[in-house]
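Peer 1: Letter by letter, the chains look like this.
There are 2 protein chains.
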Amino acid sequence: MSKLSVPRGIQRAILRRMHDAMGNPRLRLRLWNGVEAGAPQEESVGTAEIRDAGALLRIVLDPELQVGELYVTDRLEIEGGLVALLAAGFRANAQAGLLQRMLPKRLIARALDTSLSMATRNAQHHYDLGNEFYEFWLDERMVYTCAYFPTRETSLEEAQRAKMEHVCRKVALRPGEKVVEAGCGWGALALHMARHHGVSVRAFNVSGEQVEYAQEQAEKQGLSDRVEFVQDDYRNISGCYDAFVSVGMLEHVGLDHYEALGALIDRSLEPGGRGLIHTIGRSRPVRLNRWISKHVFPNAHPPTLSEMMRIFEPFDFAVLDVENLRAHYELTSDHWLRRYDEEYDRIEARVGRERARTWRFYLAGGVASYETGLLQLYQVLFTRAKNMQAPWHRGYVYTGEPAVPGDGPAGFGAEPAQVADGEG
Amino acid sequence: MSKLSVPRGIQRAILRRMHDAMGNPRLRLRLWNGVEAGAPQEESVGTAEIRDAGALLRIVLDPELQVGELYVTDRLEIEGGLVALLAAGFRANAQAGLLQRMLPKRLIARALDTSLSMATRNAQHHYDLGNEFYEFWLDERMVYTCAYFPTRETSLEEAQRAKMEHVCRKVALRPGEKVVEAGCGWGALALHMARHHGVSVRAFNVSGEQVEYAQEQAEKQGLSDRVEFVQDDYRNISGCYDAFVSVGMLEHVGLDHYEALGALIDRSLEPGGRGLIHTIGRSRPVRLNRWISKHVFPNAHPPTLSEMMRIFEPFDFAVLDVENLRAHYELTSDHWLRRYDEEYDRIEARVGRERARTWRFYLAGGVASYETGLLQLYQVLFTRAKNMQAPWHRGYVYTGEPAVPGDGPAGFGAEPAQVADGEG
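So the protein sequences, as listed, match chains A and B.
Numbering-wise (this note's numbering), the first sequence opens with residue 1 and increments by one.
Numbering-wise (this note's numbering), the second sequence opens with residue 1 and increments by one.
Just so you know, the hints here were simulated from the structure itself, not pulled from any lab data.
Be careful, since some hints might not be right.
Claimed, not checked - These stretches of chain B come out as covered by chain A in the derived footprint (C-beta under 8 Å, 3 or more residues):
| id | stretch |
| --- | --- |
| 1 | 277-289 |
| 2 | 297-306 |
| 3 | 369-375 |
| 4 | 386-398 |
The model shown is predicted, which means the values in this text are computed figures rather than measured ones.
Cβ coordinates follow ideal geometry from the N, Cα and C atoms, glycine included.
Pulled out of the complex, with its shape left as it was, chain A reads as follows (with noise of 0.2 Å):
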């Protein structure tokens, strides 16, 4: 495709009318040739520069797909704003293109389709990039979820901690309660509701490279005899359990799978069981991001709360609690982010460049999606709605008490948990 042959004052107007569709973010947008357009230059956060007239025309027809494409096959640059030029476009719910609006669908899908970018053909599993990878970005215990922030000045380390925690205090465990645990990631969780809480944990996780992380975990900590990692599918879970936790997995299960997720709780679960299932939601039902669907999380769907129900509702569940915690998710990607950058080189020095601007895109939408409310972050506490044994309040989860004050058996998750010895 060879540059437009249009003056440049049309290409300004252009790039005015997307900027303006954008919602005017504080922003500038620059062509190949020098033609800018945006907010004035003393306002401007950062700089686009879209890098020749075929990805103009591309991010014209589709922006949902080809922002992200362009950008990993550096034909789109973001000087200094990546965050703030998503969020803008998250704003705008640009969703759709100016042409895209115009023009038929399978119109579009050919000139486009044609010629696939390279990110496209390396599309990769998410989870297939190694643990080292993770370590580059990750805390030290491996936490790829949601963090728990008392304050917004805590460190990423001692908010996966706090989060770890607060899922515990929440499910009020009680020393030798039995867990299971539906996609256990690198362990960091089973290890800490053993090691803090006293329980006995089977934690479920595909990944053979993650299992096998979490073992030498277990057995670095002494704590193998009360954890077990598996490496199965969620829907093999046997077994009866005092407490059902699954931490970042639904994003992953698919809708229609969500009854029988709930058929399989209903099996595992003790009468007096509680659940907890933590996940990236919806406010309203949208499908995902096509550029993170197709690079970055395959069939993924992050839920509303009423697409969740489908789990709970038909087996008789009650919903006890739900907390949306989208501003320590904002906060949690933001923290990824900056170490992601802080190990850029090393990270595109292993991975490749293609792959290594993949991630950055990917944990930039992340932060922008939080920040605009596109995504929100739900944990839902569930247990059996003939079982009347829950704590009084919830008060005992912020104020440390007890959950009953002096009452036994019922008031599970008594004893405050001892968070404050480090485990290496």
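Following the hints, put chain B in place on chain A, whose structure we already have.
Peer 2: Just chain B, lined up with the frame of chain A:
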């Protein structure tokens, strides 16, 4: 209908079968002729006496409706365990009677509906009984919704005040803000918000008698300039507010109107506005008990959370927090029933035996419904998805700390409320 001409042995077998269908509760069942069955005498907490053969037939055919009808008309007497009896019935999920499962529904309907009881003909709208009736058994502020008990020993008076304060803290009211309340009852919450949080309130209620009472209270407390009670339907709410609050009205709204309610909230809330809806609800979709629907709450519907989302999701409200206070409603109902029983003779003298027994049955049914998990109590806090101005986490609700330490406008709710002083 004459007495059953069946041997006493078979009558006893019928009672045993009924007791079995109820899940063998610690209760005895007795017929008009002294035939008994059920739990052993020493384990029993009460006895249900069926006083004629027609009553027995009605219970067997359609317990959901008839147990209440017969209790109210003195054809069924409960000695010592009305709540326990109802809880046992709910646990057995005995919506359908023994014969009801076998006989055509139309046949049953014809058999029973041809001789309507007095209670049926006297069916009264819930709030038509006059303020004095409710004064017998509600707290001093006339709050007719679930209270919030900091401890199980908290008095009803204090727990109702704590509930109002809990709502205000969740909504994080700031002095000078404008609040609209949909369904304000006798006005206690509106007055509390104005008095303790320095906001101005417009509060809607269709009941003239309640609005009059509320206005008198506002004058007595010197709050008439800041609280406006409007005798009108919530659908006629106009204006724009910083907070939308509705406690105990959604039960009467009707599923078909949820989306219209969402639209109303959408046009009534400022961009940074927050909302809270407090409602009786369900863990799974179940229609309301027919006796309650017929005699106490016509057309009422306690929604599931997925049903409630019809209010929020179409308008892109982000749910920030859901709290299930069902155990607090069990205790609230229990307080109400105890007060009701203490005042029973005066109540019966005032409203007549049938109505007095109707309400006693209804209040006992409330306790039993929460005790068995048949009903839930949801408080749902929400804001626009785009509005990120919310307290950093929920701890401030419990610790009395500012919502966000040192943070100005964003940290609304920063001043711990003064709830120590009485308001007469």
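Peer 1: Please go over all the hints and tell whether each is borne out by the structure.
Peer 2: Each hint, compared with the structure:
Residue count for the stretch 277-289 of chain B with a Cβ under 8 Å from a Cβ of chain A: 3. That meets the three needed, and the coverage hint holds. Taking a C-beta to C-beta cut-off of 8 Å, the stretch 297-306 of chain B contributes 3 residues in contact with chain A, enough for the three needed, and the coverage statement holds. Using a Cβ-Cβ cut-off of 8 Å, 4 residues of the stretch 369-375 of chain B lie near chain A, which meets the minimum of three, so the contact claim holds. Only residues whose C-beta sits within less than 8 Å of a C-beta in chain A count toward coverage, and the stretch 386-398 of chain B has 10 of them, enough to reach three; the restraint holds.
In the structure shown, no violation is registered for any of the earlier numbered hints.
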